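K.L.:
Take a look at the letters that make up each chain.
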Amino acid sequence: MSAEANCRRLVSRGDLPGSNGGIYNPGCLRLGHSIALLCRREIDFRATPLVFPELVLLDPDTLEVVGHRTLLKVGFELDERIEDFRCLTFEGMNLAVHSLVCPARIKPVISRVLSDALAHDDPFDLPIALDPIEKNWVLFVHDGALHCLYRLDPLLIFVRQPDRSWGLVKEKHNGWADSVERTLSNSTNLIPFEEGYLGFWHTQLAGRYVQGAFFLDRHLDIRYRTGILLDGECVKEPVKPGVLYVESLLEHNGQVLAFYGEGDAHTGVAIFDRAELCQELQRCPFEPLETIQVGYEGESMSDLFRAMQTLVSFATECQPARIRLFVADIRLHRTIHEMKTPNVMLSTRPPVMPDAVLVGRTGQLAWTRGTPPICG
Amino acid sequence: MTGSAPGVTVVYTTYRPVPHFDWFADSLARQAGDADVEVVLVDGLHAPERTAAFGEMVRGRFAFRHVPPMPSPYAGPFRRTQRDLFSAASARNTGIVHASKPYVVFCDDLAVLMPDWWSEVRRAAADGYVVAGAYQKHREMVVQDGILAASCCDPSGVDTRWQTGDDSRLVRIEGSQLFGCSFGAPRALLVEVNGFDELCDSIGGEDAHCGVRVTFSGAAIYYSRRMLTIESQEGHGAGTPRWRIDRKTLPSVYLRRLREFGVGRRCVNGAWDSSHMIIDILYGTRSNQPMGNYYLIETLNEAALTGIVSRFPTTYWFDGRMLSEL
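First to last, the protein sequences are chains S and W.
Positions 117 to 492 (my numbering) are the ones given, in order, by the first sequence.
Positions -9 to 316 (my numbering) are the ones given, in order, by the second sequence.
One chain only, chain S, in its complex shape (with noise of 0.2 Å):
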């Protein structure tokens, strides 16, 4: 039996002021006595810069909404949109990471919540190969500091350095990501949960955002991850049917709540019983797949051909469960399937720090770390 969620509607779209085009996606505090979600308020459906970071006060006990107030945005230009917050207290400040949509990328950034505003913190600069869209990084705090989950599969773990630049602390790729059909991401920041941490992933489904939890040990490996336990099929909302899309977690009274944003245009709350939670992510065991993750060098089409018969012949002798190919050259990728290599997935972006770099002009596999996997 799976973890059974209530749902229900906090705020509507048009129910606050300026809100015609949505208040939806909201991350969440503890302030004071009452619990604060801090939504995404859209004017309406243009998808200018006019979108403001709406604070939205709940009674704890009856989650009943008791005030609003709209937080200036400080340190943004006029040109750019700020969207989605996710919410976190760290060091007695109240931080936002939220993407930041400028007219040539979407990045995150992260911005303190003040009283009356949302204050552009710190540029959140990781020391990865961006895409002109990235969305959806999250924030937890562990052994003191800020950490930053960028991705599940690899899952990708950056620590903040105390003059803000960020180290990588845990790359390993899991398989999870090879067993849905669409993108694998991250919902919510991370919560302090059991001995651990606690976090929502999603993805599409047939159009539909389906949500489940997952949990990070201590050594910062996934230990569990549930099935769907949330599923965006019940949403109808004509802006955007069937996404529903979990922003923030809040333990409370022997409750998980999630937070979500439902169609683009409304947000509510599905209430988990803690126990029941945390049985069903004990029903679910995260097994990964071991995968050898080899970069590959080469320019000409004969590298290809040599370097390939190298992996053919690694791949044969030493049957690993699976080996993950990153080929930036996309168009390299149909003659690379076309030869068969078994248990070989391949991806175009790079790893920070890949097992292996098959060199196309000597055909060799250079091993980079670790030792090589002794076969025959």
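Honestly, the hints are just simulated from the structure, not real lab data.
Because the structure is a prediction, the values reported are computed rather than measured.
Be aware that a few hints might be false.
[Said to hold, decoys possible] Okay, the calculated bits of chain S under chain W, using three or more residues with CB under 8 Å as the criterion: (1) 129 to 138; (2) 150 to 163.
[Stated by the list, open to error] Interface residues of chain W toward chain S, partial, derived using beta-carbon atoms under 8 Å: (3) 72; (4) 277; (5) 281.
Where is the CB? At the ideal position from N, CA and C, for every residue including glycine.
Knowing the structure of chain S, use the given hints to seat chain W on it.
P.N.:
Using the frame of chain S, we list chain W on its own:
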């Protein structure tokens, strides 16, 4: 090209003890005959006795409903201010909620419809355009069976758009020229722009504000001198007034508040007051949506109207002053 006329809802708003509704009722009945028309009278002094009295004036000649305005923070039994303030946006939006016909035309109290009024409304409804009717304010009006028998008019009582109009044709006007006591629009368009902006309540100017947003939606507005109403000048001074306020603040405070609406600079010259800020917000955002409503008209129905009270503000949107002090 004029198609077949769809049904029309006339939204008649008043908060006066003597609105001269009989003038309106008789003139409408005379002109509309058996057309598909309903009248929704939104009455700030709604009471059973008045329902009976107005019903007698209608005499079953057209479909008629007498309703109170939806709750407002500025006026009426749910108000949070010390006194009743001007709240035409809320009252007119009530009419849109109640309207059951595809075309809605607004008419204020103290008015009698002149002979071509209905035919102009019918044409606008058939072709689905927004029409702004002309008006004049007369003194010593004598109205018999819906016909203006006598009155005195001086130039100050004439609609300022009059010279831009033409007796023989419609004239296209700007959104900011949609004002006065009678104008019509497809209900779907009014719902699309979510009605009148309650940010204007306590101040005024909600009609022109709506007109600008209608044009932001891409619709054209036409001025018709033939769609003329004559209003009683004396009637405007009768009854308990609905006060209008226009609060001022310091330029620095004004600009910060404007930034909270996402507008980085002023769009109009003028005083640092609430009425100018409404215009700055309107032209600064160029949004067709209101900024002061806490409901979507498309989702409202009669049963849901009182539900909006819990979402009322406690402070004034412009300067944060407690509403209870206003």
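K.L.:
Indicate, hint by hint, whether the structure satisfies it.
P.N.:
So, going through the hints one by one against the coordinates:
{"no.": "1", "hint": "129 to 138", "result": "holds (count 8)"}
{"no.": "2", "hint": "150 to 163", "result": "holds (count 3)"}
{"no.": "3", "hint": "72", "result": "violated, 22 Å"}
{"no.": "4", "hint": "277", "result": "holds, 5 Å"}
{"no.": "5", "hint": "281", "result": "holds, 5 Å"}
When the structure is compared with the earlier hints, a violation turns up for hint 3 alone.
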